[in-house]
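J.: If you want the building blocks of each chain, they are given just below.
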Amino acid sequence: MITFDNVTKIYEKGQNPAIDHVSLNIEKGEFVFIVGNSGSGKTTMIELMLKELSPTSGKITINGHNLNRMRSSKIAKYRRGLGVVFQDFRLLKDRNVYENVAFAQRVIEKPNRIIKKRVPEVLTLVGLATKYRSYPSELSGGEQQRVALARALVNRPDILLADEPTGNLDPKNSAEIMELLEEINMRGTTVVVVTHNREIVNKMKKRVIRLRKGVIVSDEQEGGYIED
Amino acid sequence: MKIRSIFYNAGQGAKNIVRNKMFSLASIATMSACIFIFGVFFSIVLNFSYILRNVETNVGITVFFNEDVDQAGIDRIGSEISSQTDMVKEMRYVSADEAWASFSAKYFSGNEEAAEGWRNNNDNPLANSAHFEVYPNNIEQQDKLVSYIQGLDGVRQVNQSEQASTTLSTMNRLIATISIIIILVLLVVSAFLINNTVTVGINVRKEEIAIQKLIGATNAFVRLPFILEGILIGLIGAAIPLIIIYFVYNKAVSYILSRFSVLSSFMNGLLPVNSVYRILLPVGLILGVGIALIGSLAAIHKHLKV
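Protein sequences appear in the order of chains B and P.
Under the numbering used here, think of the first position of the first sequence as 1, with each following residue one higher.
Under the numbering used here, think of the first position of the second sequence as 1, with each following residue one higher.
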């Protein structure tokens, strides 16, 4: 489902590579943590997967798409197969919960009858069905991240990419978000979580890919968080 | 792009206008000023053309003949003038008797005895006043036509209303030129202001644009609200002055006709508002929307890299 074949990314000539000859394969339905310290290349990996960046060398294939050869006009359609969640939630502050989630469907031009059906479904899944009229400023950090998750899931993506989803949350909310991600994974979505939250990585016993200075230093099934 | 997306983005464009109230108002006001001035000058130029056309049909060239020219000579001169079909719209022969009849009707009306006194034993005092009245196709060809007629054998004198025609056509050109310059300057200012408004809108919505891109919005979908915002500003900015001019026009025409009665008695008055709006309405709207579109597309091209 996600294949990196000897991928290197150098931002500027003469600089050290952010990702250095990385090869990995993530199968459909897997739950994978990508861990590492700041500057290890975690976020570059996510940006490469989102086709926000192109690799300097190597080949990336995701969901059957060869990202190296993808024309810019095809990127929008490719991204519709991905869901994405960020540390800072990135919600639209002037829209309520319902509209924030519906936004993801409007953008890909889904009809209103589908939006009216799907948005309540996904808000129920994340436990925010009763708060659909609230604005982001009226929600806690955990609730805001749930809205972001609902927005990422509403288009039923094959892959969910989460960049430090618990970075702004307390341990309780972090645990709840991770439970939600696990449930989403159980329903068949491939989940890739970039994090440096040791507790949740150790607790969940999932595959852990550890990066250091752009190089994969370990890749373990049911791994734990090992400090550098 | 689906119809529902166009409606959704039109709503987003309208929200942008409300969000950036001050910039939007400045853009709409400038566009309104621009289209207002355009409308006023356009009405003036159109009416001037109308007056000129009336002058052209009312003011002709009068061609008098040498005393020794007989009827055959007059016929020859007539056929030579009428052969200039590219310059001559219409011509009419006025005999000496008809000239006297017209003169006496004008100056001796109700005083036939005095007129008879002038005739002096049935001699026509205007015996040498047989002439052709020649009307040019348009007033700007009058000089050329006069030169041609003056070069014909047997022609004694050619009278023309040169000053009136030159003054009118010069004024028409002057007004058209000034209005084009003013309108061009205002159009550039409008495009610049709309560009600024849309740029502010893009900056305010940077976060939203980034999210849209990450969740699979096409380039067209991301750009559309800003294009529609520009079009909406252009449309409102053009509609306001066009409505104002529509209602003010008739009052302005009545005022002008009351001050310059010659216009109504001699020139068939001025154009009715509906005749002016047959052209002004579509041109004004297209101009407003077109300029707004250019302004917003320039902002999108510069600031919205999707």
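Don't take each hint at face value.
[Stated by the list, open to error] List of simulated lysine-lysine pairs, BS3-like, C-alpha gap at most 27 Å: (1) B:K74 x P:K2; (2) P:K15 x B:K110; (3) P:K206 x B:K74; (4) B:K77 x P:K2.
[Said to hold, decoys possible] Residues from chain P shown here face chain B by an in silico Cβ test under 8 Å; the list is partial: (5) Y8; (6) G11; (7) S32; (8) E207.
[What the hints assert, rightly or not] Every beta carbon over 10 Å from chain P, so not counted as near; a handful from chain B, in silico: (9) S54; (10) H65; (11) S73; (12) Y98; (13) K203.
Read the hints as simulated data drawn from the structure, not as lab findings.
The structure displayed is predicted, hence computed values, not measured ones.
Glycine included, every Cβ here is placed at the ideal spot set by N, Cα and C.
J.: Each of the hints needs a verdict: does it hold here or not?
T.: Okay, the hints, checked on the actual structure:
With a C-alpha separation of about 18 Å, the suggested pairing of K74 (chain B) with K2 (chain P) holds against the 27 Å cut-off. Restraint check for K15 (chain P) and K110 (chain B): the C-alpha separation of about 21 Å stays at or below 27 Å, so the hint holds. At most 27 Å may separate the alpha-carbon atoms for a hinted pair to count; K206 (chain P) and K74 (chain B) meet this at roughly 22 Å. Taken as a hint, the K77 (chain B) and K2 (chain P) pair is honoured in the structure, with Cα atoms around 15 Å apart against an allowance of 27 Å.
For Y8 (chain P), the interface hint holds, the least distance from its beta-carbon to any beta-carbon of chain B being 6 Å, beneath 8 Å. With 8 Å as the threshold, the beta carbon of G11 (chain P) stays out of range of chain B, its nearest partner Cβ sitting at about 10 Å, so the hint is violated. Interface restraint check for S32 (chain P): the shortest CB-CB distance to chain B comes to about 29 Å, outside 8 Å, so the restraint is violated. At its closest, the beta carbon of E207 (chain P) sits 7 Å from a beta carbon of chain B; the interface hint therefore holds under the 8 Å criterion.
Remark: the non-interface label on S54 (chain B) is consistent with the geometry, its nearest Cβ contact in chain P lying 15 Å away (cut-off 10 Å). With a cut of 10 Å on Cβ distances, H65 (chain B) stays outside the contact zone with chain P, its closest approach being about 13 Å. Under the 10 Å C-beta cut-off, the non-interface status given to S73 (chain B) relative to chain P is violated; the minimum distance is some 8 Å. Non-interface status of Y98 (chain B) relative to chain P is upheld: no Cβ of that chain comes within 10 Å, the nearest being about 15 Å off.
Taking the minimum C-beta to C-beta distance to chain P, about 29 Å, the non-interface status of K203 (chain B) holds against the 10 Å cut.
Taken one by one, the earlier hints fail for this structure at numbers 6, 7 and 11, listed in ascending order.
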